[in-house]
Structures are given as structure tokens and as C-alpha cells.
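*Asks:* Given the structure of chain V, go ahead and fit chain Y with the ligand onto it with the hints provided.
Read top to bottom, the protein sequences are chains V and Y. If you're matching positions, the first sequence starts at 1 in the numbering used here and goes up one per residue. If you're matching positions, the second sequence starts at 1 in the numbering used here and goes up one per residue.
Possibly wrong hints are sitting among the right ones.
Stated by the list, open to error - Heads up, simulated DSSO-like pairs for lysine-lysine below, C-alpha to C-alpha not over 30 Å straight-line:
hint : chain 1 : residue 1 : chain 2 : residue 2
1    : Y       : Lys-570   : Y       : Lys-465
2    : Y       : Lys-77    : V       : Lys-138
3    : Y       : Lys-547   : V       : Lys-119
4    : Y       : Lys-570   : V       : Lys-119
5    : V       : Lys-183   : V       : Lys-138
6    : Y       : Lys-547   : Y       : Lys-572
7    : Y       : Lys-465   : V       : Lys-205
8    : V       : Lys-289   : V       : Lys-349
9    : V       : Lys-332   : Y       : Lys-298
10   : V       : Lys-266   : Y       : Lys-298
11   : V       : Lys-119   : Y       : Lys-465
12   : Y       : Lys-515   : Y       : Lys-505
13   : Y       : Lys-617   : Y       : Lys-651
14   : V       : Lys-217   : Y       : Lys-617
15   : V       : Lys-138   : V       : Lys-40
16   : Y       : Lys-547   : Y       : Lys-617
17   : V       : Lys-258   : Y       : Lys-298
18   : V       : Lys-119   : Y       : Lys-505
19   : Y       : Lys-77    : Y       : Lys-161
20   : V       : Lys-81    : V       : Lys-40
21   : Y       : Lys-572   : V       : Lys-331
22   : Y       : Lys-505   : Y       : Lys-570
23   : Y       : Lys-515   : V       : Lys-119
24   : Y       : Lys-273   : Y       : Lys-114
25   : Y       : Lys-77    : Y       : Lys-169
26   : Y       : Lys-169   : V       : Lys-183
27   : Y       : Lys-273   : V       : Lys-119
To be verified - Restraint ranges, calculated between C-beta atoms of paired labels, are given here:
hint : chain 1 : residue 1 : chain 2 : residue 2 : range
28   : V       : Ala-299   : Y       : Asn-500   : 40 to 50 Å
29   : V       : Ser-51    : Y       : Val-636   : 50 to 60 Å
30   : Y       : Ala-405   : V       : Val-111   : 22 to 32 Å
31   : Y       : Asn-2     : V       : Asn-165   : 22 to 32 Å
32   : Y       : Arg-594   : V       : Ile-296   : 24 to 34 Å
Derived from the structure by calculation, the hints contain no laboratory data. In this text the structure is predicted, and so the values were computed from the model without any measurement. Even glycine gets a Cβ: it sits at the ideal position worked out from N, Cα and C.
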Amino acid sequence: MYTLPQLADFSPAALDNAALELKSAVESESRQVSNDSEWKVLRDRWMARKSGILTQLNDFWLKAAPGPSKRDVGQRVNELKRIVEQEIEAALSRITSSASASRIDHERVDVTLPGTRRKLGAEHPLIRTMNEIVGVFKAMGYSIAEGPEVETDYYNFESLNFPPNHPARDTQDTLFIAGQQSKPLRERLVLRTHTSPVQIRAMEKQPPPLRVIVPGKVHRAETADATHSPIFHQVEGLAVDTNITFCDLKGTLDHAMKALFGASVKTRFYPSFFPFTEPSADVQISCFKCGGRGRIEGARCSLCKASGWIELLGCGMVDPNVFGFVNYDSKKYSGFAFGMGVERITMLKYGIDDIQHFFEGDIRFLQQFA
Amino acid sequence: MNISPNWLREFVDLEVDNFRLAQDLTHVGIAVESIVGEGDATIFEMDITTNRVDAMNHYGIARECSAVYDINLIPIKPKLPAFIREASFPIEILDADLCARYTARAVCDVRIRKSPPHIAQRLLIEEHHGVNNIADATNYVLMELGHPTHAFDLDLLEGGKIVVRRARKGETLKTLDGIMRELDPEDLIIADAVKPVALAGIMGGFDTMITAKTRNVLIESAWFDPAAVRRTSRRLGMHTDASHRFERGADWGGTSLACDRVAELVLEIAGGKLGAHHDAIARDLRREAVHLDRAELKRILGQEIPETDIVRILRRLGFEPTAQRATAVALSASTPIAVVETPDSYSVEVPTWRLDVEREIDVIEEIARVYGFNNFANTLPAFAGGVVELPHARAESSLRARLLALGYDEAVSTTFISAADAQRFAGEPAVALENPLSEEAPVLRTTLVPGMLQMLAWNFNRDAKDLRLFEMGHIFSAIRNRVGERGSLCFAGTGAATENSMEAKSRALDFFDIKGDAEDLLSIFAAESVRFDAPGADYYHPGRSAKIVLGKKVVGQLGQLHPEIAATRKFKQDVWLAEFDIEHLFALPLRESRYEKLSRFPQVERDFSLLLDSTVKYEMLQRLLEALHIPELRQVQARELFRGGTVPEGKYSMLLHLTFQSIERTLRDEEVAAWSQKVIAAIEALGGSLRT
Ligand SMILES: [Zn+2]
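Extracted from the complex, chain V is given alone in its bound form (with noise of 0.2 Å):
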């Protein structure tokens, strides 16, 4: 341990020596403290007013120092002291803060355990389908229509040209509103059993040209099993201008599927049957899971069921008979309007073998979407 020696010689490279000796000294101990008593015992053996280092400094040194040297050893003794006083505080600071080596050590937590998550909540599958499909076509021009889920005969099916009486319309298994006998039959109300009725109530609405696209909750008289329920979401488009052909009709949903399932999937166009478009048209894409071959690595594709083509939408011409009902002029004017299933979009992209989970509520399900 540090004595503090008395001094025979102050030349000043001997007081150098010893200045230095007393710094590394004062610095090692202060650094060695790691509690409060310890602290304590280091501040009275340099600072104890009675026989601290710092009052043998003046009696060691200052009182001892020649007359020549008197001055230049009193300023190096107030220098000391002060060096001494802050490493003495630094010491303390040291030990109280939360800093100390020893909180630091104590505070140690294993890193590999896991970390506490706040529960983030999750966007419903299919809404996030249907924005997706809603934002493709949003950044092509396409404003945003709703319309009511109870809609009147004449909106749901006599001015998308479904006659009254017609076999198309035991296709769509609608589903009935009580009560309503009373009333002519296009007033009579009826679950909508497609979104297609907001194309009428969007051209009812404004003159073209007009791009819309309707996303919306349908019900149909389907018993619930793992493909089949009776609540589903539909988007539906419709574009109307002059000039508007079935070339623009088929270049447009085959942009917006690569927008929607990566630019190297293609398109086909089937012949189809709806009553408010003339075409009409089914349409496939390549399977986005085995690329369109059927296969992968060998084994057949589950996806697509090894055929290499997933049906997805349907589409076609506006019929000129629905431009009759909202008085667009079917001369001047053509469009073309497509729809498709968002919960069928919705389990091909993730593999959902079960439609009943979209509509269960298991957080189970709806966690695996946060």
C-alpha cells in the first residue's frame, strides 16, 4: 500500500517522480472500491483531516520544501489534491450510479430467452385479399363503389338482365327476404347474392366514361361446408367509355392477375354465361405454386390439381340490355365488367383448405395473419 514518502531531494524531476507515484497510487486504490465502506475507508486515508495523505502532503512536502523550491512545490501539492479529490468523487459516482460494475453485473439476463411481444392485432385475411385486389386496380384508374347487402329484386337481378322467371336465375340460390309478397317483384328484397348490382347503382349514379371497383359481403342459400358458406366477398369491376373493346377487357385482367400474383403468370379466356355480359368469359391463370407445369419436383401440384390452371374470375362485355336499364347509350358506349371470389383468392394464395375458418373467429386462425 501507498506511504507517502518524505521528501530529501526537490529538484524537480524528483518532485515529477513523486507526483507521478502519488497519481497512480491514488488511481489504482479509487479503482479498486467497489462499495460504499470500501469508499469510505479510501476517503478518510486521503482526506482525514487529521492524518489523511493530503494534510501529509503539506507537512511532508510543502512545509518541508526549502525556500527556493517553496513555490513550485506548493503548486504541484495543489495540484495533487485536486487530482486526488476528483478521483475520490469519480469513485463514489462510480459505485452509486447504476452503472456500478457490480449493478451491472447483477443485472445480467439471459438473452436466449424469448422476448415479451405485445399482441399486435390481425387484419382479417380476407379484407387484406380485398384491399390487395382493390389497390391493384385502384393504381389502374378504378374508384371505389359500395352498395347495400339487402337489395331489391330490380337491382339484383331484372336489371342485370335476369328476367323474371328465368332458369339463371337458379343459379344464384338466393336467399329471401320474409314479407314481401305484398310488393311487385322488382321491389321484393333479397339478400344480394352478388356484388354486381353496385354496376348499376355506380352507372345510375354518373354518365361515362367510369371505371369502378366494388369490393363486398354476398349471401347465397349454400349449406356451410369446407368450400361451400353462405356469406362470401366478392370485387367487382365494371369500366365504361367509348372505345372500351374485349381486348381492353382481357389486357386489363391480365395485368391486374400479374399485379396480383407475380408478372410471370398468365391468362386464359373461356367462353362463359352470365346474363349481364355478352361475351362472357371465364378466366384462368397459370398455377402460381407449380408455375403452370402440373407438377413439382415430380409430384402433382395440389393447387391446381396437376391441370396447371386455376379458375378465378369471371368476366365480359357489359350487355346492352343492362345499358338500357341506366339509359347509357349502347351505340356509343361499350365497357366490360369482371368479378371474382375473395375467399377462393384468399385460399389459394395462403392454402386454407377450409373456408369455415374465414368466418370462426379462432384466433388460432386469425394470428397466423398478424
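*Replies:* Relative to the frame of chain V, chain Y with the ligand by itself:
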């Protein structure tokens, strides 16, 4: 419907294999859903759209093949002997509006027996196991030509004539299936001189059917009005192969051919002699030729189709296009116009089996589909104009984003609820369905709460206890004869308020958690004043619920689900709910963020430990403090609420934490002291006191 490609090959000389054939047909809209069996036994399971009744038979599909491959369709020409006896059998069509044509032929001295194997096998394509050779002949022709026919036992028809008329009130008919049918004056029937003998286009009568004793038969091949057949078949709940075709429109021009074809088969497999042919035409359904303009074709399709293709496709499908060339008219003497080589329009005769084609656009579709949709280019339409969002788009996406951030999972629940729930959870009458999917859930949801509780129960039953769910959707109420439809939001929380961490156990969710979340949502909107008025509706805990009031409008409510309801649903934990009428919210402007200068001066905090009477609501305290008008009072926080213990009965203690700060200067002790005195005075005015 099933199709045998082997049978098709009798009518068209196909070079392709069955697999390729199925693909090619599907490409023109004659969808082959699946291929079953192999070789000659191969069967195509078809999915023919409702408009294409003409393709719901072998010959019709063979016609499609002839268009696809541009090959000849071999005509069906029944070979019939000259008829032997003239059995006069008048046909009277009394209701021409419902029956446009009725063709009949008698075959006499037939022998009723089982059909020979080549007929029986063909019937098996549709899994018909055969009735007798006569009935089988009609079914065979249905599969071949698509025209429904019927055979009567001629000797059981009384009065020697056929009458096609509407049924009379009170008439009945026992149909082939043995069921006695009450007839309606709107039903079209076939009758003899005395009684109904068949439901026109749907099913024959039991008493005149072919039996083992039958010697002479009358073959009926007619055209009935689609709507009339549909009306009766729906009313009686009878969907038959015949009604399926007639409802969609049979071939007016094909009655005679079908009749002859049945007769030919009957003679072949049942023997007998050919009787007379009767063909009563009440109305001529041949339609005018359709005008097809090539410019219109290009306007709709976006692409020219070569003239040779147009003509080829139409002819193969049985249409007859006649070119109408523009006459070379000189606009002025000095600018003669070159004679156009290709015609710019056609007059197109439409075959009688294509009732679905009556307009130019219908003809354009025929050309386009056979030409091949995938032979058209992909182009994008030009567009000028802006995208218009829904008026509430921002509000809705803010609500959704905030709910997700607060930890609520979005759910979509059922639209259909029980009548009991509708009554329990809503004040308004529910909208009932005419044809509900289940008796348990026959009405449309009047509120999102039953669906929410159902989802919570689902999760509880799967051992999930800490739940936060929300749903945004429409709710419905009956308003006299109308249906009210509104957007609604419901969110629910139950279980832990925070996550269990390594060091601290979580606490249970309480009223103030759900209220805080509701306040967070409300803060999206620029609402002047929000009040929480206890209690909520009666399905909430009366002491732990409130209505949410904006101005004078109740926009929602929140609180704990009534413990009694929780108990009946076997919930073992408290459930907290909130509901909003989002249309009220959407009517509000969104709150705009506003910048306020930051103070450079220190803030002063003061704590007041209060003893208050239980009747004193925090809201009263808040109002009094506001009434002090101290702009430097920046924040008021209520903390450490206590009841019981050292706090006397009927009182509660609360720590009020106030923060003072000025934007202009450092506050002086004496001014803070003065404000504190005012605060204390206000508290005393409420009957409260400082705790010592
Ligand atoms: Zn695939």
C-alpha cells in the same frame, strides 16, 4: 349431363383424341368438367351454361365440333316407311301463347319389351336403366337431339283427339311418378277429349303411360313456352329432364325431326306400323335475320376477324350469313370510292334451335367464342380522370389500423342469428328470411354482439382465454316494410390486459382498458364533447357500462357483458364489449393534428390526496377544475383510487396529480400555491377534503 365422344363421332369425323377434343370443346365454351372411363366407354361430364340448351345433347355438341374443326356435320334423316293407315288424330292447340307447335305420330301394333343392348348401353351414359323400349326410344332421342318427347298409349286416349290447353280449376292429374297433382288454371296440360293426360313439357300422365299391354302409341314432340313450363314445374317442385330443356327453350323447328326419329327407333326396336303424322303449328317462332355490322364487331371485340372466319363459323353453327356489300357511292364526282372487297355487314339467319341468339351482340359472341378468346390481343384502355375514394375511406382505415395496433384481431362473423338473440340484444325488430338456412338462425343480425359472443365462446372452448376481437359489418333492422342497413363496429376483450412477461404477471382487463380503447378510436374524429353515461343497454353490467354520447347522439356503448348472460353462455371470465354505430362516426370530420408551441420552462407538479364522497363523480371534479380557467394547468391525472380500509364508509380517496406549466415564463412558487388553493377550494365545494 354426360356425353359419349364415341357417339359424337357418329356425326362428325373427328381426327383428335378424346383428351384433345375435351380441351377444344372447353375452349369454345362447351365445358367438359371431367373425363371418365376409357376407350369407347369414355364419358365427358359436361357443364353446359343455362343459355346453351341446344348443346345439351350429342348432336348439338357434334355441331360445335363441326365449327371447331371446320368439318361436316352428318345430318340426321330418319328413314321411315310410307305410313300405312290414316288414323286421323286431330290436334287442337287452344292456348297458342303457351304451345307454339305440337307434332305427333302414331305407331301401331308395337311390342313392348326391353330395349336391345345398343340402346340400353347408350342410356347408361346418363345412368338410365331403361323402362321399356318405347320410353327408352324417347330418352334416347333426348340424349341424341335434345328434344323432349313423350309417348302415350294411344288406346287410352279418349275421344280421338289431343287438346293442348290450360288446366281447368279443380282438375287433377296423376303423373307418371304416381303422385296426384292438383292443377292450376295457369298450368298448360295435354288432354284428350275428356281428361288431362300430361303436364305439358314436364311429365306424362300415369293413366295413359306405356305398359306391357300397350299396342298402339302416340309420340308427342312439341314446343312449349319456357316461362309456362318453369312456372308449373316450380310450383309443383318437379324438375325433369324435359322441363329442364323446355324452360331453357327447345327447338321450335325440330319437333318434326325428333318425332320422326323416335318413330324410326320405335319401329326398329318395337316393330309395328307407322301411323299418320300430325303437325299443328299455332305460332311461327322463326325470327327475323340479325344484322351484323363488321364495324360493330370490331368496336366490341377490339380486333378484326377475317371474313372467311366469320362466314365459316356462322355456317358451321347453322347460321346463314348473307353478305351485304356497301354500294360504291361517290361522295362527290371527283372522289370515287374504291369498291370494298370484303362486305361490311351481313344479314344473319338464326337457326331455330338458338333461341338465345336474337341480337347483333349475340352473333358477335358466337363468332368470338369459336374464333377463340385467346386469339384476341391484350390491350389496356386509355383513361383520363381521377380515382374517387369512398367518403369514409380514411375514417374506416384509421379505425381499422388503430384497432389492429391496440391488439384486436379482425373477425368476420355470421350474418344470421337466432330470433332470441335478436330480441335479447337489440331494441329493433329483426329482418326475417323467407328461406332461412337453419331454423336456429332465421333472422339477419340486428347487432354484431351475438356473433361476437359466439366467436368468444368458440375460442373459450378451444382453451384460448386472452382474446381481443373486432368486427366491422352491416346490421339490419325491420322498419315497417323496409330494411334498415347500417355499418356497425363491435370490439371485445377478455382475459389479460397485458402480456405475461418474464418478471411480471399480467393483470386482468378492466373497464378502463376497454374505455381507453374506445377513447383512442374516438380520438380519430373531431368530436366536440364525448360523454360516457352509465349504464349501457340491459345486456351490460348495470354498474360497469355506459352509453357513449357525442353531443346529443348516442353513438355507442361499452362495458362488461352482464354476468347473467355470461353465465348462461358458460363464460368463466369477464367479457368486455364496445359497440359503435360507425355511420354516426363517419359523419364526423376527422381530427386534424395541430401544432402547439413547446414550452422552454420547467413544469411544476403537485399532488393532492383527496377524500371524496362516493356520490362525487370524476366528471364533476373535472368540470370544476376546467371552470377555474387556469391556462397554466396543463394536465390533470387521477391516480390511486381507494375504497375501504382506512377510508370511511361512503367515501373514497384519490390522488390528484396536477401539472402546471407556462409557455412564457418560469412559474413562481406563490402563483402555484395560489392555484393550489383554488383547486382545494373547488374540491371543498364538492364536499371533499384533503387527506392528512
Ligand atoms: Zn399448380
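*Asks:* None of the hints should be skipped; say for each whether it holds.
*Replies:* Against the structure, the hints come out as follows:
For the hint linking Lys-570/Y to Lys-465/Y, the alpha-carbon distance of about 13 Å falls within 30 Å, and the restraint holds. Distance check on the hinted pair: Lys-77/Y and Lys-138/V sit about 58 Å apart at the alpha-carbon level, beyond 30 Å; violated. Simply put, Lys-547/Y and Lys-119/V have alpha-carbon atoms about 28 Å apart, close enough for the 30 Å limit, and the pair holds. Among the hinted pairs, Lys-570/Y with Lys-119/V is consistent with the structure: their alpha-carbon atoms are about 26 Å apart, no more than 30 Å.
Between Lys-183/V and Lys-138/V the alpha-carbon distance is near 39 Å, which puts this suggested pair outside the 30 Å criterion. The suggested pairing of Lys-547/Y with Lys-572/Y holds, with an alpha-carbon distance near 25 Å, which does not exceed 30 Å. About 48 Å separates the Cα atoms of Lys-465/Y and Lys-205/V, which puts this hinted pair outside 30 Å; it is violated. With a C-alpha separation of about 9 Å, the suggested pair Lys-289/V and Lys-349/V falls inside the 30 Å cut-off, and the hint holds.
For a cut-off of 30 Å, the pair hint linking Lys-332/V to Lys-298/Y stands: about 13 Å separates their Cα positions. For a cut-off of 30 Å, the pair hint linking Lys-266/V to Lys-298/Y stands: about 25 Å separates their Cα positions. Of the supplied pair hints, the one linking Lys-119/V and Lys-465/Y holds, its CA atoms being roughly 14 Å apart against a limit of 30 Å. As the CA atoms of Lys-515/Y and Lys-505/Y are separated by approximately 22 Å, the hinted pair is consistent with the 30 Å bound.
With a C-alpha separation of about 12 Å, the suggested pairing of Lys-617/Y with Lys-651/Y holds against the 30 Å cut-off. Proximity of Lys-217/V to Lys-617/Y is assessed by CA-CA distance (about 44 Å); at most 30 Å being required, the pair is judged violated. Between Lys-138/V and Lys-40/V, the direct Cα distance comes to roughly 74 Å. Violation of the 30 Å bound is thereby established for this hinted pair. With a CA separation close to 16 Å, the supplied pair Lys-547/Y and Lys-617/Y stays within the 30 Å bound.
In summary, the hint linking Lys-258/V to Lys-298/Y is supported, as the alpha carbons are separated by about 27 Å, within the 30 Å threshold. For the proposed pair Lys-119/V and Lys-505/Y, the alpha carbon gap of about 15 Å is at most 30 Å, so the pair holds. Taking the CA atoms of Lys-77/Y and Lys-161/Y, the gap is about 28 Å. The hint holds against a cut of 30 Å. Between Lys-81/V and Lys-40/V the alpha-carbon distance is near 18 Å, which keeps this suggested pair within the 30 Å criterion.
Taking the CA atoms of Lys-572/Y and Lys-331/V, the gap is near 67 Å; set against the 30 Å cutoff, the hint is violated. For the suggested pair Lys-505/Y and Lys-570/Y, the alpha carbons sit about 26 Å apart, so the restraint of at most 30 Å is met. Proximity of Lys-515/Y to Lys-119/V is assessed by CA-CA distance (about 18 Å); at most 30 Å being required, the pair is judged to hold. A distance of roughly 19 Å separates the Cα atoms of Lys-273/Y and Lys-114/Y; the hinted pair therefore holds under the 30 Å criterion.
With a C-alpha separation of about 42 Å, the suggested pair Lys-77/Y and Lys-169/Y falls outside the 30 Å cut-off, and the hint is violated. A C-alpha spacing of about 26 Å is found between Lys-169/Y and Lys-183/V, which places the hinted pair at or below 30 Å, so the restraint holds. The straight-line distance between the Cα atoms of Lys-273/Y and Lys-119/V is roughly 86 Å, outside the 30 Å bound, and the hint therefore fails. Between Ala-299/V and Asn-500/Y the CB atoms are about 43 Å apart, so this pair conforms to the stated range of 40 to 50 Å.
Checked against the hint of 50 to 60 Å, the C-beta distance between Ser-51/V and Val-636/Y comes to roughly 59 Å, which is consistent with it. In this structure, Ala-405/Y and Val-111/V meet the distance hint of 22 to 32 Å, their C-beta atoms being roughly 27 Å apart. Against the hinted window of 22 to 32 Å, the Cβ-Cβ separation of Asn-2/Y and Asn-165/V comes to about 28 Å, which satisfies the hint. Checked against the given bound of 24 to 34 Å, the beta carbons of Arg-594/Y and Ile-296/V, roughly 56 Å apart, lie outside it.
Violated hints for the displayed structure, listed by number in ascending order: 2, 5, 7, 14, 15, 21, 25, 27, 32.
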